[in-house]
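Engineer: Spelled out from the first residue to the last, the chains are:
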Amino acid sequence: MPVFKTPFNGYSVKFSPFYESRIAVATAQNFGILGNGRLHVLDLNPAGPISEHIAFDTADGVYDVSWSESHDSLLVAAIADGSVKLYDLALPPTSNPIRSFHEHTREVHSADYNPVRRDSFLTSSWDDTSKLWTLDRPTSVRTFKEHAYCVYSSVWNPRHGDVFASASGDCTVRIWDVREPGSTMIIPAHDFEVLSCDWNKYDDCCIATASVDKSIRVWDVRSYRTPVSVLNGHGYAVRKVKFSPHRQGLLASCSYDMTVCLWDYMLEDALVGRYDHHTEFAVGIDMSVLVEGLLASTGWDELVYVWQHGTDPRAP
Amino acid sequence: MDSKPPQPSASNPPPKPWERAGGSSGSAPFRPPSAGNTSDVVEASGTAKPGEIVSSSDRTAAVNRNSLGRPVPTRPWEQNYGNNSYGGGAYGSTMNNSLYGSGMYGSSSYGGGMYGGGMYGNSSMYRSGGYGGGLYGSSGMYGNSGMYGGGMYNSGFGGPMGGYGMGMGGPYGGQDPNDPYGPPSSPPGFWMSFLRVMHGVVNFFGRISILIDQNTQAFHMFMTALLQLFDRSGMLYGELARFVLRLLGIKTKPRKVLGPDGLPIPGAPHPHQSQNLIEGPKPAPDGAWDNVWPNGSQ
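Protein chains in written order, with the UniProt record's numbering: chain D, 1 to 316; chain U, 1 to 298.
Just chain D, with the same shape it has in the complex:
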């Protein structure tokens, strides 16, 4: 399957929920420490290399990107200078970004569009907060500040438009209801920083967390004293975890040990697959909603891989 070389270090990759052959890639120069960023939108060609549809340059690294669920050409980008930018692919690059929100005081580390209501999105930042934004408001609607350390990821519940989870460096995961003033649940998920979390698409009480302690834990929010499952196998911190949109038990993860792993937490032998195609930290992973088994990953080796599960990502 094809490979795309980005000029900067990859940070995140997302499949479009509208078009099965379109992906967005967030990249940042100099490993995201200092420098510019670029947001790529790529088209997968059935027979041939990946072609670039459009790219937007930013003045700081882009850490995450999220497709809008309400419009097929809209993108939300999380920028390292603390801003949240909206891009419209239908407009020429000169008139982009169409919005730029400056409310976070630190690097914005994730963005997630609400898949249920489709009119709002969440961002999480190193200023310890998550923010809720809607397209019809010029500012953020709400700020969620309870975490005591950087919030690395905020993810909507795919079955409940009011509930989301946030993973933080204070070693906890918090479950929020946007109608409640505070968090509704605090899960002390790991003994080390929690870098990512994701909801099970087929079980709205099931959540997976990835941590610096190299493990992935699967939790049931109704009984969060002990994890449902602990998935060990990564050699370093697990950077992102993502549940499959198609199969209940399947989840993908990428790690600083440069591998991408596939797990089925319901199986005895949970590690389903391991891909070591990256030559640097693998930091971005996504699974296609429209094509079952199609995976995309990116990493600091400046490469974007798209491949079908079970095949070699490096195969031409």
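Keep in mind that a hint or two might mislead.
To be verified - Taking CB as the label site, the calculated pair distances span:
1) D:Thr184 / U:Pro50: 21 to 27 Å
2) D:Tyr236 / U:Gly46: 42 to 48 Å
3) U:Ser193 / D:Met266: 53 to 59 Å
4) U:Pro50 / D:Pro46: 42 to 48 Å
The set of hints was computed from the structure by calculation and includes no laboratory data. Keep in mind it's a predicted model, so treat the numbers as computed, not measured. Here a beta-carbon is modelled for each residue, glycine too, at the ideal position from N, C-alpha and C.
Could you slot chain U onto chain D? The hints should help.
Structural biologist: Just chain U now, kept in the frame of chain D:
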């Protein structure tokens, strides 16, 4: 925009696979979802705070709300150089995480755990003293364990140069310098830095004095060897002088060896008749052989 014909409208994505499947694992602990726009729902709940910007003072207060009951690490971008507060045990386990913590490579810092608590990272990398002083200095971590004691990294010159300051950093850092999860070593205190400075000064002058000492010794040895050479060859001075004079064309005449009567001593070497050769031919006496045989006998 895309070649896929059966794509739904541009404002409505295809249904998610899990929406088609339906069903969940049972009663969720969440309130049933409200109808309406997100902004309306939030504003109806009275929790909306549009455009709130969280300042750093709020963030400090948030630490008190920390449900963990333990201190959280300082921010990777924050200056914690010279701050002693992270020497404790609670700090170590969490701070090391940040080496691979998402984003620690992100904007400003390379960890701050592995290389001694933020001294390595921060906005300006390689902050003076952070790298060298803390970890690979003469003491600190290595001094503690005793593994690397004895001037291994320190002496270099041997003799009087080695070993200054070894083991100065006793009570700092973890027991095992190679344990990635142990607490990082504390920043050096005043006396530590002072002694380290003194070490540098003493080392500097030590090197200078060694240079002087070695030069002196070398000069001494050279002169000694020269004088010994002259001494050994002293017996040849006379001959040497004669040879030189001879080269200059001045002949020194050897004196005649005279007997007591003023005549040359017979048997003594005759200076101007070099015929006193041992194997020289003797003059044959004339006709000396004529009368050896009687006449007519031949």
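Engineer: What are the numbers of the hints the structure violates, in ascending order?
Structural biologist: The structure breaks none of the hints.
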